[in-house]
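Trainee: Here is how the chains run, residue by residue.
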Amino acid sequence: MKRLLLCFLVTIALTGTSLLAQDNHIQLHGFGGWAYGKTNGNIYLSGTPKGNYNSSDLSLHVSGLVGENLRVETQVRFAEASEADVEMDLAYAFAEWKLSDALRIRFGEVKLPFGNYAEVAHVGVLRPFLNTPQGVYGPVGLAGEDSYKGIGITGERVLGKKWRVAYDAYGGGMSIEEFLSPEAFVHGEPVSNETRIEHEQTRNVLGGRVRFLTPVDGLDFGVSAYGGTEVKHDGDTSRWVADLHVQYVADPWLVRSEYAHEMVKNDLKLDAAYLEVGYQLTPHWQVAGQYNHLTTNPFGLDPKQPYPSLLGHREAALGLNYWLSPNMVLKGSVHQVNGNRFAAPEPDQFAEVIPSGGLKTSTRLVQFGVNFSF
Amino acid sequence: MKKSSIAILFVLALAAAVQAEETVKIIVHPASRTTALDKQHLSDLFYKRVTHWDDGSPVVVVDQTDKSQARAIFSTKILGKSVTAVKAYWTQQIFSGRELAPVEKASDAEVVDYVRQHPGAIGYVGGAAPADGVAVLTVK
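Respectively, the protein sequence lines represent chains A and B.
Count the first sequence with our numbering and you get residues 648 to 1021, in order.
Count the second sequence with our numbering and you get residues 150 to 289, in order.
Each hint can be trusted.
The list that follows gives simulated cross-link-like pairs (lysine to any residue, SDA-like), each with its CA atoms no further than 20 Å apart:
#1 A:Lys808 with B:Lys188
#2 A:Lys951 with A:Pro1002
#3 B:Lys216 with A:His931
Please keep in mind that the hints were generated in silico from the structure rather than gathered at the bench.
Model, not experiment: these values are computed from the prediction.
Whenever a hint applies, use it, and build me the whole structure from the sequences.
Mentor: Structure below.
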């Protein structure tokens, strides 16, 4: 049944049709993808050593216009990471009241306005690779693919004669996924498949993003930041994150770059960055390149601890894409990763593989897949 | 002499028709008080950055499907972007929960019909398309 639904949605995507009802007051859209990945040893993104066909996802988005000023948005995501494991996640659900063209107020669970990608992290047709740059957007607790739950304001206005500024401010709580196993292992904590993902809770969050849209068509840059109290089992602590971002998106170029920094008091510091470039050779063929890295510096850790690769990630990737339409793209990529912050064995194998010297600090991943939207 | 004059007139008419097909007409509801807009203002309306007319009434934007030649002309000549780039903009807006895309119609006739029936509506049709029952804006 799931495969039939996927085929139906792909058909709609190829026709570039969105499903409408009742004169545009309700819109149904969606996006999704599938990827096959194979690595030369560790598990990373869709790739496993034996090859993985099971990485697929679908998101359904419903927008409702209730009168002139009220809009309700919701998005649900279904993701399949293994044959027996389908996850469902509420990406966001919020109501927005428009006070003016320059100011709207939002209540509910809202996609995090952070950097270039956080709001559209799963929308593959908006980026040149199957996945977002993992150094900044991977499961490390920076921003990932998550939301804030609370209240926010958003808007955009003209600045001077040719500039525009887009702004967001919000407060509430956040829960961001973190792949916990590598950091837990270096701290000498038990590691298992059951505890591999932690939902890092941050309370009393205040945050925002300011983005400047320049007179150069397609060029914008900005800064994002948030801070709050991280809930930890051994005592809450303050946490803040800041990010600088720039992008240039004008045919045939797509260039994006970010730098992010996190500080968790008495716990860790983290730095991450990426540069991503896509170039449209023809209306259908696109080549792409990406470099991203992440370094984690936990407090109180012996600098001579024997597994430094567990705290770092450096990745270079090349991609070749074929755009059937703006709503559907076939993607292939090769990734070379140094470090095990993300590319690692199954957590259940950590205790066996790592102390025996069997940890591969270098991973090569080959991926092929499709992204679509409707 | 007569035949050459007819031939010249025919060629001129053909050239005019071809040129009309490479342009678009911006149309609004017949009750609209707006008679002219510049490209920047048109962009702001079609990107939904401005959502009200000067009299405070709401703007209702109608687009055409991405296979439409009129849309290709409108996107490049008024919005200054390819249809692909504009679609990517709306994909970003929709899936970040920021805005609904304008309603899309499949033909010039459907756009004219929609604009005629919806006060505050603005759309575009091919340069040679009939625009009965709607007002045509001047692009400054």
